[in-house]
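Enquirer: Residue-level listing of the chains:
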Amino acid sequence: MKKLFKGLALCMMLLVSVVGFAQNKTVTGKVLGEKGEAIANASVVAKGTAKGTKTNANGEFTLDVPANATTLVVSSVGFGAKQVGITGGALEISLASTSNKLDDVIVNVGYGTQKKSVVTGAISRVTSKDLEKVPSGNVAQALQGRVSGVSVAQSSGQPGSLSTVRIRGNTTFTGAGNNPLWVVDNVVVADGAIGYLNQSDIESIEVLKDAASAAIYGTRAASGVIVVTTKKGTQGKMSINYNGFYGTSSPEKVLKLLNATQYGAIMNEKSINDGGAVLYPNLSILGEGTDWQKTIFNTDARRVNHELSLSGGTDKSTFYLSLGALNQQGIVTPEISNYNRKTIRLNSTHKISKIFTFGQTLGFQHSVSKGLGNTNSEFGGPLSSAINLDPTTPIVELDPLKAAAYPASAFRDANGNPYGISTKPLQEMTNPLAYTQTRLGNSSWGNEFIGNAFLEANLMKGLKFKTTFGAKLSNWGDDGFTPVYYLNSITSTLQNSYSKNSNNVFDWNIENVLSYNRKIKNHDFTILLGQGAYNEGNGGGSNATHKNLPITNYRDASFSWNIAATDKTGGAYEFIEHHVSSLFTRLNYNYKEKYLFTGILRRDGSSRFGINNKYGVFPSASLGWIVNKENFWKQNSILNTLKVRAGYGVVGNDNYPDHRFLSLVTGGYNYYVGNLITIGSAPQTLDNPDLHWEQTAQTNFGFDARLFNKINLTVEYFKKRTTGILQQVPIPGYVGVSSRPWDNIADMNNSGTEFELGYKNQIGQVNFSANGNFSTLKNKVTFVGANLDFIADEAASFQQMGIVTRTQVGQAYNSFYGLQTAGIFQTVAEIGNYKNGSGGMIQPLAKPGDFKWTDLNGDGKIDGNDKTYLGNSIPKYTYGLTLNFDFKGFDLMTFMQGAGGNKIFKGLRRLIGETNYQTDVFSRWTGPGTSNTYPRLTTTDANGNYTQMSDFYLEKGDFLRLKVVQLGYNLPVGLVSKIRASKLRIYISAENLYTFTKYTGYTPEIGGGVYGIDKGVYPQARSYMAGVSVQF
Amino acid sequence: MKKNLIIGFIAFFCFTAIISCKKSFVVVDPKGKTLTENFYKTEADATGAIIATYDAIRKNSGGFENMITMMNAGSDDHIAGGEGAADGVGIQGFSNYTLNATIIPASFWNDHYQGIFRANILLEKLPGIAMNAALKSRYEGEAKALRGLYYFNLVRMYKNIPLILTQLTPLSMREQVQAAPSAIYAQIEADLMTAKTLLPVVLPASESGRLSKGAVQALLGKVLLYEGKKTQAAVEFADVNGTPGGTSIYGYKLLNNFSDLWVVSNRFNTESIIEVSHTNLSKTGWGNWGQGTDEGNSVCIMVGPRNYTRPTVSTAPDLQSGWSFNCITTDLYNAIKLDPRFGATVIDVAALKTAGQADYGPGYQNTGYFLNKYCPRKSDVSTAGGNWELNYQQDSYVMRLADTYLMEAEALVPSSRADALVNAVRARVGLLPITGVTLADIKLERRLELAGEGHRFFDLVRWGDAASKLASRGFVAGKNEVFPIKSTELDNTKLVQNPGY
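So the protein lines, in turn, are chains A and B.
Heads up, the first sequence is in the numbering used here, so the first residue is 1 and it goes up one at a time.
Heads up, the second sequence is in the numbering used here, so the first residue is 1 and it goes up one at a time.
There may be inaccurate statements among the hints.
Stated by the list, open to error - Chain B stretches covered by chain A per the calculated footprint, using a threshold of three residues with CB under 8 Å from any CB of chain A: (1) 42-48; (2) 54-60; (3) 106-115; (4) 141-151; (5) 240-246; (6) 376-386; (7) 443-457.
Unchecked claim - Stretches of chain A that chain B covers, calculated by requiring three or more beta carbons in the stretch to come under 8 Å of a beta carbon on chain B: (8) 484-496; (9) 731-742; (10) 905-917.
The set of hints was computed from the structure by calculation and includes no laboratory data.
Glycine included, C-beta positions come from ideal geometry on N, C-alpha and C.
All chains should be modelled from the sequences, with the hints used to inform the complete structure.
Expert: Quick look at the structure:
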């Protein structure tokens, strides 16, 4: 860290020196393209000096240069550089566009860069330009729909929450192992920490999708690598940028639930159906009742974002400094759902001498968030409660007689009336307004420094040595005050408590890379040798809880209150360090930039494996051929360029808990003997000393083509095979261990095809561009263990139904597994006719209105053996489309994305008799011919219509979402220059404007560990924003 | 100069590369945990291992899925209760005889096998542990006694179970098949016979909660009775019981006052033979409820009436509200209402409400009668930390002397000693003696004496009365005598589901 601070200090000094230049003479001019079009953002530098500037939107520039300056160097991306003599008057400089624009794109391939034209792997790129119009607070979210082969699903609409990112599908079985490796400026950043990045600080994101590219990060690269490069300063005039927006959010969708009268009628019917009493004899007095969703949803959640950056530099030093502030309210119970983030970034590079260059990046974030505490769970929390609570319970109990019976610790509104508590047995479902009161004093905070410092030595032409020290220092914790509360008879506490926990972790890594580039005639090669050591998880945490504070309001909570020693508890813990040691090498070779080759070899050692299996070797190779450079290639106007590529590589995964190869005895199997709790110790699981690296081998074929001089097309096909998937194996209970052992158990294949299409055209004064991507994915499990037929994931459990998915050979990972419905029995006769071979009834307990289950195994009865695979939560295809128009100063951007071919398990109802229903219950069976899909209502449910997993619970997850629409206007330069700005743009923007889907839950986008199980996911917000960006 | 620089950097690179490849960098030793190979070496290790074996005995009354509330719910004395039909689908399913392989809670099977695993590993390692020889043989006895108890619970609940006596390996674990119930019983007998010779007769207060010789004999007698080996059973019980009403060789004696059995502070009294100890010191929270670090009694919170309140001046007991499980059926109420044990066994909260002495919220299947033996007292509500619901300190009985009296009587009936044993139980509560005690008398006496303690269902099955007594609940003879085996336990194993499920 010291290094980083030194760098910071150095840079601040330089910053001061940049500002203090003297002025001599002024040059003005305009930079134009071949067709006379203005080139904005072109760099204009006085040769031999540090004086430089950039052109404005009209291609104009004004530059103060020393009196003795004679020449300007003008350059711009996509155009060749040009030197122009300084004459007396305004200059008009025209630049020639380079023949193939692809050539200019430099791609970060990990530990180095390469021209896009000679890249042989499947690497997708997103640049700052693509991101600047997406108002997302989270870099992962910003990737959504941008890149083929990458699927991003928000785990929750809670502001600041993480997204679930999958590159080319699920590579392994554990959620953590499926997360891609994030590398920010050479520092490996944990998936959970990526939120520290301020979106406008990002220069580019490269997604290394295939193994041939990712192998350079061998360890943990199996699920793909996302390489993020933050902005650096450029030589020339200091540039100041501000971008900010203000917006309001509301739920994209609310569910249609029964009102009190409808609820009463449905409950009556349900009771009568099983011979019960009429529960609500007088429906007319029930009225509308309570709309619980109204109590939780915020239709005006504010969202503010400011981003300010300064950058510039001399020929010796450059810097980029930015500040960001984001404040976002949640759309659900906003008092306990919001997010506030502040960021600072400083990047700088310094040419110390001809040989040495020093540089650093440092990002800091401070965040504070409040969360609901319980989401996507059928067991309580505001969302689940709002869906499930009966509408007959009032929000606030106004009947003084009833109110008097409420316990003292029930929460009351400002008028002293208690928040209504349902008298129905709804278990965990509690009044959301009262629930909110219990969490007002809860918040989470985090501080994070992530940065690196490097020293690069240009030892001789082509030979470079770079040593990088990267580090991450994080502190985070939770503060919580829980008052004495009474939410219902099973949810109460007798003592208030105030607790804090804090954690700290310091991760560091050192990498040394030696690279040599040489061109001998037409042979161009770069050899890279690297070494890395990575240390994560140095740290731990502690917590303390004080109970029985003499207060009732969370604002008064403090550890300073004098309370009995017995009311104080606390503890501390340490994390387990994870060490990785690596050696890697890469050879890039091309002949005339026509025949391309890349070979990578990486050897990693991980502390997570036993002595015999510590090291894994991960090789890869890829080839490319630029066909249009061949002599036989005839220039034509249809297919302008063509590059074909093929690659194969193997990468590894050690993302599973530590020390699982060791047989460990742990305490915690205690018993109270005499008057003492005595610690009991036993092995917690079976040991497996043979655990080893999980490997993913991937073959990739692709081509890049330019068509009609307007369209860029990239097509990839991949086949990925993961073997020895590290997994906690479900074992029989009679083995007698309390947790499941780990093993390299399963194999799984993924394959898919990806298309990326870019189109750009100009018709009159309208510029139009379109970028689209489309990816398919096929997942198939090929092995789950020598004597296993399938495995089940407890994370995919739903109430008494138990586990609703299965992972079996030949099926996709975690496919939905349950009974198949064959319509509904309309009459008693139909039930009688549903007979088995021996003439017995197959469903003797059924009544008309119950589901007819398919007797799949034909054994004449319905049981667990009739369950089958009912679909999968993994989208078969995902796509994204961005359309850009600009006309004069106006620009319009439309971005939509979607997915399809998947199923969603809709588990919004708590399976208790009295919980509320969505209005689709009106399509239930009420007599012959009324429904063949929605069974009768029943209290006993002897047929298991509602309590058995079946296709009844599954809905199609296809959706197309109009994600962002933004309309902007660049103010005329004449106007803008009056405030000395070079650019001023105002815009209005809408996010999540509309979602086309047939799914009847809140949102079809359900991330999280097990994809596609909706138990009341925090819905996404629809936001409208207005913003401004200014450049000086 | 430049050449030297280049050589220098390359040398540095090679140096760091070699350093970073040192194996020691990628070895991170576990802290706070012991490698199995380093454990099972010392006396302290052995103590930790035997305590871990004891841990599973808390299944009787610890955790939501505990033996007492579960077994009560399936008997004719109680309903499941709770908040609603979905409150504990396993216990509800047992109560209304819709239990199936999906909703049967896995823990009744798993937790007992965890105790067995810990006994097995200790028994395997014990010979190699350097420790006091006498203590070593005592630990062997305790491990075997506990293994016997856990198998006894399993064989009674599931009947067809695999007999595991060694540590299983990933290779062998899926090859296990169910043993004949007789083989399970034979193993239990063998374990208990060995344990009987190894365990101490008297335990100091500092060891209360552990098993003694008398406890093992009592359990062995019970096992033999279940096997129908009445003569052998009576032999074991004779030592435990001694002279009816007197103090036995192990110091067991009926308490004078029946209600004293349920006083929280009255732990390890003279009537207690196998007692599960509970404390609030573990400060259990929802996160570790029912796990190894949870030492609280969960029966108390479960059986308490819902939303219980009482006026400032009231004759009603000062109860803490609970979750209204295990309400007492009208059938048991009618049987016990005139018995002297009624007050200690049942709280008629419905009557208290009618009388204006208390109020409560009826739970699911409410009868208004609550199980007073374990009803949560305000005085027993923990303020020590954790969630108060989970930290009740009342111990529970697995076996107590009145139980062994009645079982010996059952083994000997008709006989004068049977009469004496039954009448000793009756005399303690002031009931007149019966002469010529019959099996029917013993059945009734057991029901009233042991109501709500988790024995009734097993008794009905042993007597062959379950089908008739539980017919109205949906009991199917030949099926519902035992639980279904959890479906996940059949997945990828050689186990076969119990008949009828």
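Enquirer: It remains to establish, for every hint, whether it holds in the given structure.
Expert: Evaluated hints:
1. 42-48: holds (count 3)
2. 54-60: Check passed, 4 qualifying residues.
3. 106-115: holds (count 6)
4. 141-151: violated (count 0)
5. 240-246: violated (count 0)
6. 376-386: holds (count 4)
7. 443-457: Per the Cβ count (0), the hint is violated.
8. 484-496: Our answer is that it holds, as 5 residues pass the Cβ test (under 8 Å) against chain B, meeting three.
9. 731-742: holds (count 9)
10. 905-917: This one holds; 5 residues, not fewer than the three required, reach chain B with a Cβ under 8 Å.
Hints 4, 5, 7, counting from the list given before, are not met by this structure.
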